[in-house]
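Protein chains: 2
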Amino acid sequence: VAFRTGTFRPLAVSDARLTEGFWGDRQDLNDTAIIPHAAEWMTKLDWVRNFEDAASGLPYSHRGREFADSEVYKIIEAISWEIARGRTDHADLLDRLISSVLAAQEPDGYLHTLFGRAWQRPRYSDFQWGHELYCFGHFLQAAVAHHRATGDERMLRGARALADHVCVMFAPGGLDRVCGHAEIELGLAELWRETGDRRYLDQASVFIERRGTGTIPLHEFGRAFWQDDLKVRDADVLRGHAVRALYLAAGAADVAAETGDDELRSALERQWRQTVARRTYLTGGMGSHHMDEAFGEDFVLPPDRSYCETCAGVASVMFSWRLLLATGEAKYADLIERTLFNVVATSPSNDGHAFFYANTLHQRVTHSLPSLNEDGVVIRGGAAGRQAWFEVSCCPPNVARTLASLGAYVVTESDHAIQIQQFVAGVFQTSSATVRISTDYPRSGTVEIEVDAVTPGTAVHIRIPAWADGARLRRTGDETAPPAGDYALVADVQDGERITLVLPMQPRLSRADDRVDAVRGSLAVERGPEVLALESVDLPEGWPLDEVALASGAAPVERDGSVWVDVVRLPQTDDADWPYARPETTAATRVPASVSLVRYHDWAERGPSTMRVWIPVSGT
Amino acid sequence: VAFRTGTFRPLAVSDARLTEGFWGDRQDLNDTAIIPHAAEWMTKLDWVRNFEDAASGLPYSHRGREFADSEVYKIIEAISWEIARGRTDHADLLDRLISSVLAAQEPDGYLHTLFGRAWQRPRYSDFQWGHELYCFGHFLQAAVAHHRATGDERMLRGARALADHVCVMFAPGGLDRVCGHAEIELGLAELWRETGDRRYLDQASVFIERRGTGTIPLHEFGRAFWQDDLKVRDADVLRGHAVRALYLAAGAADVAAETGDDELRSALERQWRQTVARRTYLTGGMGSHHMDEAFGEDFVLPPDRSYCETCAGVASVMFSWRLLLATGEAKYADLIERTLFNVVATSPSNDGHAFFYANTLHQRVTHSLPSLNEDGVVIRGGAAGRQAWFEVSCCPPNVARTLASLGAYVVTESDHAIQIQQFVAGVFQTSSATVRISTDYPRSGTVEIEVDAVTPGTAVHIRIPAWADGARLRRTGDETAPPAGDYALVADVQDGERITLVLPMQPRLSRADDRVDAVRGSLAVERGPEVLALESVDLPEGWPLDEVALASGAAPVERDGSVWVDVVRLPQTDDADWPYARPETTAATRVPASVSLVRYHDWAERGPSTMRVWIPVSGT
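Chains A and B, in that order, give the protein sequences.
For the first sequence, the numbering used here assigns the number 14 to the initial residue and increments by one for each residue that follows.
For the second sequence, the numbering used here assigns the number 14 to the initial residue and increments by one for each residue that follows.
Same shape as in the complex, but just chain A (with noise of 0.2 Å):
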């Protein structure tokens, strides 16, 4: 994203280099790993081949899903991020991937290898499912990143070349539809940003005003699962299919910042609110039902069905970060913190070659070997446990696109102020100093921020995490309290000046508001940004975890380098033949034990296991 209106401008991927740590090995992690397993998987199941055998003119078998295509575009804004980041390992795969994708292109501009061939469904015979304009909208992302990164014009004009081709087939007076599933605004006005060309942010505008009128057929998802139940501009939540929403209000949140529409930004705050009021999991993952992959009622939050897809995790964070541009409100900043450790780290596995497409709060019981097809890849994206490919493989590529680019939403800039907005280890380079981020957080709450070549003048604004009460803040010969939830002002920096910022990180007991039923009587620990949870492999030998429940009054400690909490053991006598019962029927013995707790995107790395976020307090 690269603004040109509102409160912070985003500094360009290859101005932003993270050193190490936490985000900085997970970057690493990306390009050694997650990348090419990627690649190879989307090679191995012929989804990159459909382009290539689209090129040859001859009638094919197209593999995959609809939205295969996707895939591919999102593994090339991926490396293509890498290259402006100065990773280079993969730059003839990503000329390979162009090529082959490119190849496929019809001289109108089209490009989908599923339909519109003589052999093939007709264009825009389905928008329900087809997802062709939600595939045309993350070519146009991946070839906006690859013209930064490289500077390289190929694959922009192809952009342009199938951009034109929407603009002319969907405006006013045209095709009067819009896609099932939102994409196309995102990479239209991206692609407005790196052309300067106004008919692609006018073509967003269309579309995102044509939604809600009902042009989508009815499904028994009802008309919210597409967002097509009411205008953008007129709903006051989140609704339905949770990728589709937050990548509707993510393309809308950038054509209300461009056009200075400030209605339809002030609708998406208020969607904003209420959907992280009341439709978000203590983790940031958004989206409670497995059926529709959708956001449910109010406070329809049940850890043990949480879906929390990893991609709307990734989708809640494009929302925010827009909204942060757009307003320069800390609150955007704090919700892609918790959502980046909480939901993006927690997909892949340590390895990189496995992801969660759910991330549930609460697994009742050990993974079991999920359905596999005859390619050996998993059928249903719900399925427990991290996997190693998806016939629904929309969330490791896009992890890997979010791991790629994660350096530009460390640090952002307004005239005469720097803006660090979060605490990752790197440097930076704005337009008025040089900011190195020193600092092993979350480990430590110590983060070192050095400022280097300032333009005399340059403030530093230091977002302070709505959970950090207590944080410090010291400048030479100067140590403040700032409060908690927005930033501290460090006024007229001096060039080579160091300030200090420590956040508390001791570990907190969290409650849910009543109204989340399904977690009453129970308590999460977090500490800092990050959840934690407890994993059976933490237990005593034996214990269920479904017999255990925090003290009474116990508060979390930190001893070790871990969380530990003080749990008791209330063992269930014999299943009763019904589990319900009067009241006065309970005295169980209870088995005291002190359990260390794992960090939540650390849980399922030691083996089968169980996990809750939520833990029962005893005697409730």
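Nothing false has been slipped in among the hints.
A few chain A positions that, by computed beta-carbon distances, are all more than 12 Å from chain B:
hint : residue
1    : Gly37
2    : Thr56
3    : Ser69
4    : Ser113
5    : Gln133
6    : Leu169
7    : Leu188
8    : Glu276
9    : Asp364
10   : Arg449
11   : Arg456
Which bits of chain B does chain A cover? Going by a derived footprint, with three or more residues having C-beta under 8 Å, they are:
hint : stretch
12   : 284-290
13   : 313-325
14   : 369-379
15   : 528-535
Which chain B residues face chain A? A few, computed with CB under 8 Å, are given here:
hint : residue
16   : Leu295
17   : His303
18   : Met304
19   : Glu310
20   : Lys344
21   : Arg521
22   : Leu522
23   : Ser523
24   : Ala525
25   : Asp559
26   : Asp590
27   : Trp591
28   : Pro592
29   : Tyr593
30   : Ala594
31   : Arg595
To be clear, the hints were calculated from the coordinates, so they are not data collected in a lab.
Glycine included, each C-beta is placed from N, C-alpha and C at the ideal position.
Starting from the known structure of chain A, arrange chain B on it as the hints suggest.
Frame of chain A; chain B shown alone:
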């Protein structure tokens, strides 16, 4: 069901006449409203015409889903039971329906209006979703009902031809397949009972043994969805699609009992026990997944996302009934009673013109208009609110056939003994006595049982429900306090003797096993066999349901024919931006009130409302 073996023997529907009261009134509603309503809809939507068109031999466009035929069969079955109990108002309709159906039968016995004609998909080309054998099973059940009720051979001849076809096609060495939806097993077992032709029972047994061998193609829902993951005799618990699982279990119980297969019977008893102990709602409802209409994992019983399909309730009654007859254990009749009152009676509206498809235990928002298709019927069965009809309209005719045959569930007999299984007013002709039950149960707990024309030496066994601690049983000159959860024995009843049972009807609180996490810190209220609920229309003006909690230590009391509980309102402050906070941050003002509860089966009859069965206890 007319078991040939087993501990208890059922009465014919014609020997059991309900007279009045809770179930008698519903049988009348079924006759005057539900059956005509269902018949009108399936005529209006051309599901009946499918048969007429098929008979014409000309190409036609099939209307409705793959299982539309079966809805017509279920209504034939329902009207047949109506005739058996002496109601002949729909006899002409019945004849017309049977004539239409039989005219469509192929010369080789095959009968399905969606498959096998030149312009249709081939027979047996879709075992996952085709529902061919499923429809056959309903045909067989309907034919047996019709033959029993009328003695007319027409439909039974059709059933034999169809079953003969099945026995040829699916015998060992023939098509090694099972239907995606169990049901044929029940029909074949019943047809064996009616005709004595052992091939039908053997073929039912073949289907039972073939299930679980992986003959159904893989699907994202996994093999357990169709119970194709494990052989029936190897499973420990019901899993997958709830109606499929329960129909299969009921059919397997038929086979186990009638073939004397004790291993299979014991496997089914084990599955019933574990399913009831870990996967059943307080209402008796089964199935907690919307996505696949399936059982969840153990203790995944969220009230707000309960599915509890009405047909799963009907199927649960069928399964329990077969185990009751086979084993003679009262717990099966207990679950039947709970399920009849709280699932089967909940589905139809008071006027018999609308039905719950899913039976939620927690309605968070007042019903919004569901998605209707061009026929004006509800697209998704899980839609909130009672609806006139559904695209998938299995539930209304299933309720109809259950209510019409309900008389048969009340009294059973064994050698020298009669069992009172349910407390339903009516006259029941057994082989050793005429039993008259007079009661307005469950309004009152008093049940009068009068026994006439008694064969000397006959005993009466009366089920004392598991919840009925403190029941009193009186016969001439004798009063006893029979233990709950078993049959009370009244030996050697005298001709004309009156037995009085007084059941304790004080409302009682129930809590759930700790592992049912979704209702931790909440209690439910039950009275007799009925689950009660808190419905928003009974709250003080302006109180939202989600701000109401049970007063700590409150005990429900009965007053003016209703059950009342003390509650407090805990007003929510304006939404926090984030619904999770440190535990100490709560200190709401409590406003007390006393509110009346609604019987769960009566909820949603007084306009738009919200509702909950499990009520949070204040202070947890």
